[in-house]
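All chains, please: the whole structure from these sequences, using the hints.
2 protein chains.
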Amino acid sequence: MKKLSEMTHEELLAFKNETEKQYLDFKSQGLHLDMSRGKPAPAQLDLTMPMLNVLSADDTLSTEKGLDCRNYGVLDGIPEAKQMFADVLGVKPENIIVYGNSSLAIMFDTITRAWTHGLLGSTPWSKLDKVKFLCPVPGYDRHFGITQYYGIEMINIPTDENGPDMDMVEKLVSEDASIKGIWCVPQYSNPTGVSYSDEVVKRFAALKPKAEDFRIFWDNAYCIHHLTDSPKCILNIFDECKKNGTENMVYEFMSTSKVSFPGAGVAVLAASVENVEYIKKGLGVSTIGFDKINQLRHIRFFKNAEGLKNHMKLHKNIIAPKFAVVIDQLEKNIAPLGIASWHNAEGGYFISFDAMKGCAKRIVSLCKEAGVVLTGAGATYPYGNDPDDSNIRIAPSYPTVEELTKAMELFCICIKLASAEKLLEK
Amino acid sequence: MKKLSEMTHEELLAFKNETEKQYLDFKSQGLHLDMSRGKPAPAQLDLTMPMLNVLSADDTLSTEKGLDCRNYGVLDGIPEAKQMFADVLGVKPENIIVYGNSSLAIMFDTITRAWTHGLLGSTPWSKLDKVKFLCPVPGYDRHFGITQYYGIEMINIPTDENGPDMDMVEKLVSEDASIKGIWCVPQYSNPTGVSYSDEVVKRFAALKPKAEDFRIFWDNAYCIHHLTDSPKCILNIFDECKKNGTENMVYEFMSTSKVSFPGAGVAVLAASVENVEYIKKGLGVSTIGFDKINQLRHIRFFKNAEGLKNHMKLHKNIIAPKFAVVIDQLEKNIAPLGIASWHNAEGGYFISFDAMKGCAKRIVSLCKEAGVVLTGAGATYPYGNDPDDSNIRIAPSYPTVEELTKAMELFCICIKLASAEKLLEK
Numbered sequence: 001m002k003k004l005s006e007m008t009h010e011e012l013l014a015f016k017n018e019t020e021k022q023y024l025d026f027k028s029q030g031l032h033l034d035m036s037r038g039k040p041a042p043a044q045l046d047l048t049m050p051m052l053n054v055l056s057a058d059d060t061l062s063t064e065k066g067l068d069c070r071n072y073g074v075l076d077g078i079p080e081a082k083q084m085f086a087d088v089l090g091v092k093p094e095n096i097i098v099y100g101n102s103s104l105a106i107m108f109d110t111i112t113r114a115w116t117h118g119l120l121g122s123t124p125w126s127k128l129d130k131v132k133f134l135c136p137v138p139g140y141d142r143h144f145g146i147t148q149y150y151g152i153e154m155i156n157i158p159t160d161e162n163g164p165d166m167d168m169v170e171k172l173v174s175e176d177a178s179i180k181g182i183w184c185v186p187q188y189s190n191p192t193g194v195s196y197s198d199e200v201v202k203r204f205a206a207l208k209p210k211a212e213d214f215r216i217f218w219d220n221a222y223c224i225h226h227l228t229d230s231p232k233c234i235l236n237i238f239d240e241c242k243k244n245g246t247e248n249m250v251y252e253f254m255s256t257s258k259v260s261f262p263g264a265g266v267a268v269l270a271a272s273v274e275n276v277e278y279i280k281k282g283l284g285v286s287t288i289g290f291d292k293i294n295q296l297r298h299i300r301f302f303k304n305a306e307g308l309k310n311h312m313k314l315h316k317n318i319i320a321p322k323f324a325v326v327i328d329q330l331e332k333n334i335a336p337l338g339i340a341s342w343h344n345a346e347g348g349y350f351i352s353f354d355a356m357k358g359c360a361k362r363i364v365s366l367c368k369e370a371g372v373v374l375t376g377a378g379a380t381y382p383y384g385n386d387p388d389d390s391n392i393r394i395a396p397s398y399p400t401v402e403e404l405t406k407a408m409e410l411f412c413i414c415i416k417l418a419s420a421e422k423l424l425e426k
Numbered sequence: 427m428k429k430l431s432e433m434t435h436e437e438l439l440a441f442k443n444e445t446e447k448q449y450l451d452f453k454s455q456g457l458h459l460d461m462s463r464g465k466p467a468p469a470q471l472d473l474t475m476p477m478l479n480v481l482s483a484d485d486t487l488s489t490e491k492g493l494d495c496r497n498y499g500v501l502d503g504i505p506e507a508k509q510m511f512a513d514v515l516g517v518k519p520e521n522i523i524v525y526g527n528s529s530l531a532i533m534f535d536t537i538t539r540a541w542t543h544g545l546l547g548s549t550p551w552s553k554l555d556k557v558k559f560l561c562p563v564p565g566y567d568r569h570f571g572i573t574q575y576y577g578i579e580m581i582n583i584p585t586d587e588n589g590p591d592m593d594m595v596e597k598l599v600s601e602d603a604s605i606k607g608i609w610c611v612p613q614y615s616n617p618t619g620v621s622y623s624d625e626v627v628k629r630f631a632a633l634k635p636k637a638e639d640f641r642i643f644w645d646n647a648y649c650i651h652h653l654t655d656s657p658k659c660i661l662n663i664f665d666e667c668k669k670n671g672t673e674n675m676v677y678e679f680m681s682t683s684k685v686s687f688p689g690a691g692v693a694v695l696a697a698s699v700e701n702v703e704y705i706k707k708g709l710g711v712s713t714i715g716f717d718k719i720n721q722l723r724h725i726r727f728f729k730n731a732e733g734l735k736n737h738m739k740l741h742k743n744i745i746a747p748k749f750a751v752v753i754d755q756l757e758k759n760i761a762p763l764g765i766a767s768w769h770n771a772e773g774g775y776f777i778s779f780d781a782m783k784g785c786a787k788r789i790v791s792l793c794k795e796a797g798v799v800l801t802g803a804g805a806t807y808p809y810g811n812d813p814d815d816s817n818i819r820i821a822p823s824y825p826t827v828e829e830l831t832k833a834m835e836l837f838c839i840c841i842k843l844a845s846a847e848k849l850l851e852k
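Chains as they are written, first to last, in this note's numbering: chain Z, 1 to 426; chain V, 427 to 852.
None of these hints come from the bench; they were simulated from the model.
Using N, Cα and C, we set each Cβ at its ideal position, and we do this for glycine too.
Incomplete in silico selection of chain V near chain Z, CB under 8 Å:
#1 R463
#2 L471
#3 M475
#4 L478
#5 N479
#6 S482
#7 T538
#8 T542
#9 S552
#10 I572
#11 Y575
#12 G689
#13 F716
#14 D717
#15 K718
#16 N720
Covered stretches of chain Z, going by a simulated chain V footprint (3 or more residues, C-beta under 8 Å):
#17 39-46
#18 105-113
#19 142-153
#20 253-267
#21 277-287
As structure tokens, this is what we get:
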């Protein structure tokens, strides 16, 4: 195969016509597949079904210390759950609040509190003329959705294989007091799959922001979602913060949404004791407590941090072959043509794909017309605006290997077609 | 027994001395009892234990229409749950959002959204110079906690056996555009136990507030919590609103916290379709969805609205005798002395007790010193300030009948002692 950029006009036309035929052939097959979100496959959910049997009518629903999980009380989570998540994140139970089912809801709640009441005595963000957030791109659309909801100005930060551009981050936060936060998915980023290098984590912990109420939103959603047998975990940011006296600067988030059940899992926040105490004061106004029975269910099923991690190996066995399908097809069908790049993630839920500039929307639209729904082009950028119209988030987890293989064949055809169209425009 | 007010100084002194002896005797018994909150008793929680068996590893966790409750999706609740709660509240499923475990959290969330983003296009409350709420008193401390958190000025509204003083409510809301809401517990009020009369409900639905974004927070927490066999339910406020074209003025709330498990139940909001659509837009920024498996668990266990109501009869059998203990002891020990009044509730979780002016704090404090913790005096008023220092909320649900009997003996002694002290002051 020849690179598309090296083809003559006639060769390109012929390539386009041939690809178009393949596309129409696919379209006639009437596929129906939704790959828009990072949803676990039914086979993964089946792994957690035995959890439904760990609490039955004959069991005592009490914690080790005799707290009845059925009744009211306990704002910050049952001790066993706090311990388990503290162990996963490498902090102490006093640094943990166990919430309900959604880490997104925790992030929203945390920003809302800063918006209405400020942080540890600072001015509420709603009372400031301008509030800005740094957004490493490509990133997670639901993060951007929260900051956009509050009218917070989002500033794109480029990322590479080590994480965000820390020169830019350091410069911006040290100069501009209106920059109040940064969205980070430090391990197996959504969507790039990149894990932050040790240097990047150290530089985050050593930030000297102009705003005293600047916070790093460390969404460690995929911290135990490995796709290899010898995963390299990122540095523990709280350990690094301790060296710099910056423990108050970080909020860390994770959940079991993609470990147990999405929507019926348990989500947690980790933060300094000072932050935890402040948050609990506000949280106690809004609720008496979260679902302790579900916390207990998770504890009885997973036992501890080790149990959680072991369970993830079963997920890996289901997901890893799907990532392989994506990468194989791209390597085979697209790599020789020199029209795109992608990142082979070692964990998480996504493969980030970069088409030729100006092709992402067209590719997603072509796929959709042929029955395969991808994450919307642009969704990985604040305001849905990918300045290069290049990035597409591939979410391979939900379909079966057979469906995914079919979908990737179509995806590759759409890449070729959109790229040929673009080159012929010139 | 003679009324205290009719006693001579010497009689009163003797009465006080005698009561003091009884008190010291109780104190020496070293009681330990927390009656501060409306918590269901373990025996009530036991009623719901079979719910833990309705979903097991072998079951299909899908709705009737085949939606997999284990995975992401569905912001407003599974159809079966929406139908069940719509039937309980007498509305349509399109009027329902099923949330997570806490109706308090829904109320907080709803006020927060009004605070940061306004309602249906109105100015966010945070941008107004002044926001006020009407608070029928005595009322629920956690309601007042939310409005206090946002610095909303709370205005006391007196209540009687028919509900709030509607002359005052009508006058205030029609004149003052800064009044944005009112807290109501319309059936078996917390703490008075009063159910709003038909006329009061009709007058609420016919309110003509000056503020277009005025909302009635209709916390129907106890709508199915009857203590008699032939309960009288309040009018359906949405039916009345339809007659007045005021459907957008009401948010109704309920939960299964005291039906299934506190903290592991399901909470709902009912509102006009326009309000529901607006709320869902904001809600979708903060979460992908609530715990659908727990919603399904409730549906499989209770089946439908009828099932929920039938289950409440089992609760009644446990709670009603406790209410009887409270009333019996008050009738026997306090009524003849003419030093207090109370309301014999036909449902809900509380008995509202009014001591002589200036005695509530002293009574609660005396009880506490002798090992029985009551809801703090003043808690039933905004800012914790009962101008008469008179009201005490009695929460008889949690203790056993034996414990409660003991606690009420102590309570009556403390009432007598505090009253005698007060009369001797004069």
